[in-house]
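Chains A and B are the protein sequences, given in the same order.
Each residue of the first sequence is one higher than the one before, counting from 74 in this note's numbering.
Each residue of the second sequence is one higher than the one before, counting from 74 in this note's numbering.
None of these hints come from the bench; they were simulated from the model.
All copies of an identical chain are treated as equivalent in the list; a pair is satisfied when it fits inside any one copy or across any two copies.
In the DSBU-like style, the derived pairs of lysine-lysine whose C-alpha atoms are separated by at most 30 Å in a straight line are: (1) 245 / 209; (2) 413 / 138; (3) 90 / 208; (4) 208 / 428; (5) 288 / 428; (6) 288 / 98; (7) 428 / 219; (8) 245 / 413; (9) 209 / 81; (10) 101 / 377; (11) 428 / 215; (12) 101 / 288; (13) 245 / 81; (14) 138 / 97; (15) 209 / 428; (16) 428 / 377; (17) 292 / 428.
In this text the structure is predicted, and so the values were computed from the model without any measurement.
There are 2 protein chains.
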Amino acid sequence: MMNNKKNKFYEIVNSIKPVDGIYKKRAKEHLDSLTKPEGSLGFLEEIATSLAAIYKKTQHLEIGKKAVFVFACDHGVVAEGVSRFPSEVTRQMVFNFLNGGAGINVLARHAGADVFVVDIGVNYEFDNIGGLINKKVFYATKNITKEQAMSKEETLSCLYCGIDLANQYANKGYTLFATGDMGIGNTTPSAAITALLTKTSVFDSTGRGTGIDDKAFCKKVALIIDAIELNKPVVDDPFDVLMKVGGGEIAAIAGLCIGGAINGIPVLVDGFISSAGALVAWALNPAIKDYLLFSHKSNETGHKAILECIGVRPILDLGLRLGEGTGAALAMPIIDAAIKVYNDMATFEGAGVSKSET
Amino acid sequence: MMNNKKNKFYEIVNSIKPVDGIYKKRAKEHLDSLTKPEGSLGFLEEIATSLAAIYKKTQHLEIGKKAVFVFACDHGVVAEGVSRFPSEVTRQMVFNFLNGGAGINVLARHAGADVFVVDIGVNYEFDNIGGLINKKVFYATKNITKEQAMSKEETLSCLYCGIDLANQYANKGYTLFATGDMGIGNTTPSAAITALLTKTSVFDSTGRGTGIDDKAFCKKVALIIDAIELNKPVVDDPFDVLMKVGGGEIAAIAGLCIGGAINGIPVLVDGFISSAGALVAWALNPAIKDYLLFSHKSNETGHKAILECIGVRPILDLGLRLGEGTGAALAMPIIDAAIKVYNDMATFEGAGVSKSET
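Build out the structure end to end from the sequences listed, making use of the hints.
Structural data, given as C-alpha cells:
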C-alpha cells in the first residue's frame, strides 16, 4: 500500500519533461523586434522567454492570479537551541499571517498576490480556524539529533500536500505559484539537505538563521553533522535525505515545485528554506528546473551552494533572510515588468526607429 | 555676468547638507519593533531609513507622485563611429517616448510614474510638439575628438535645466525623481567622465554601449584617450570635466541630482549615463550622496567604477544596458515595497509575537 503510494509519487515526478525550446526561440525573436538594442533588458528578457516556454505561448503573455503558499511547521530540533526564537513563534506567526500583519502579507498585497497559509505540522491545535488551510501531518518533525525527522508515510503526505495544492489552485485559475515557509528552527534541516544534495560541507551550508551568535552557530554545525551521522541518509536518494533530516514545510515546498511543473505553472522560489525544497524536487527530476524562477539570493550562507548546484541566477539580491515567501513576493513586480515589456513595447517597424547599422 | 552665474551655481551646490542621522536612528528603532528578526529585510530596511532621513519623517513614510525625466541629446562624437545606431535614432526615440511605446514608457506605467521627455540638445527641430519639454541648449555637443563638448555657458544652462525642473516639479507635488537619458553616442562622454573623476583607466571605464564589436570598442577607447589629451580637462574640477568631455543630458542629470537634494527629494539614479551625471554632482559636493538611490548595476563596464567610487550599492542587478531611466523605473516597486513594510507591518507587541530570547 505504502510502496504503491511511493511508486505513484515517482510516476508523477518522472512524467515531468523539459520545456520546448521553440517557444524560447520565438520569444527571443519577438524581443529582438522591440525598440531597444538586442538583449539590453538583460535578465528581464530571460524571464519573459522562460515564461513563454512554460506557458507555451509567444503571442501575448499574461500572468493572472498569483498564489503564495506559506507552509508552517515545527521542528523537534529546536529543543537543542538552534534558534534565537522559541517554537511558539511558529504558531504566533501563523496568527500574524491570518491577521495580515506579517512581512509576507504586506509584500503580497503590494504584488497583487493572494497568501494561503498551510498548517503542515505546527505544534498547536488551530481548531479549523478561518483562513488557515489544514493539512496537518504531525505536530512537529522529530528531533533529528535523536531520530529521523519523518516517517516514509509522513514524508509522502507532505509532498502530496504540495502537489495537491498545485492541482487545486491551477483549477482555480492561478497561473503563478510562490513558495513560502514559517518554522522556527527550519534553517537547520535546510542546511542538512543542502550539504547532502549539493555535496558541500555542513559548515559552508549552515548560516545564522534569525541571527545566532558564534557559539550557537558552532553548536548548530556540530549537531547537523551528528544528525547526519546518526540517520545515515543516502545522498543519492533525495527522498531519503528529505525524510531523515528534512522538514514538513520543505517537503510540501518540494511538492509544490513538482505540482507546478506538472500543471505548466511557474513556481517562484523564495529564499534558503524554499530553495532546499526546490533542490529536493530538482534532485528527483532535473527537468523541474525549467519551471522554477529563483526570486532572490538570501543572506543565509547555504543558499549560494543551492543556486550554484542547480545552476540558476536569482532575480534579486537584497540581503533578505526573513523567509515566509517575502523574497518571492518582492520579485513579482519584476516578473510583471518582464511581461509588460514583452507585450507592450513598440517594434522598430511600428515606431519608425532605425535598426542598428551592423 | 557669466562668472556671476557660475558663482551662483556653486552657492546652490554648496548649500546642500548631509541628512540628519537622528531620522535614520529612529527609523531603525521602528523597523526593529516589527514582526521579523532584526535586519532580516536587508536592503529594504536601508532604503526605508534613507527615505525617512531625506523626508525628515519617521511616523508614516509616503511616496506620492513620481517623475522620470528623460533628457535627450545628440553627440558630435558619433561622427567617429562610436555607436551601432545612427544619430537620427535619438530623435526617433523621442517620438517613441511621446507615443508611449519605449521601454521607459512601459516600465514607468508599471511603476505608476510619469515620464517627462526633455529636449536638451537633440539635432532636430521639434517645433514645440505636444508633450515634449523644450529646454534646447544646442543641437548636439561638439565632437570631443576635435574640440571641447560644450561652452561654459552651455554647461551652466544644462545644469540649471535639471535644477529648475527639480524646483518646478517639487512645487507640483512630486516626491520622487528618477533620471533617464537618450542620446546615441552617450556612453562615450560617460566613459570619459568616469575615467577622469573615478581615476580609473579609460579602458576599464569604457563598455560596448548598444553592442559594438572588438574593433569599434578599441577605436572608442583610443578616441576617448585622444579627446582627453586634446581638451585637457582638470580632473579635480568636475565642472571642467563635464564641460570639456561631457554631454548635455549628463549635465542636466547632474543638475537634477543637485535640485533633488536642494528640495529634499530622493533622486533615483538609472544606469551608467545617469550615474556619470550623479558622479559629477557628487564630486561637486559629496553630501549629495545622501539624497541619491542607485537603482541598478548596469552591464556597462564603467558603471562598477562609479558605484565603487561613490561607495554605493545599487538596488537591482539585472544586466540592463538600455538607459532611458528603465532601471530606475524597475526599482520603483522595490522602493514602494520598502515603504509599505515600514508603514504596514505589525509590531511584536501588537501581534502578540514573542521576541528573540537573546
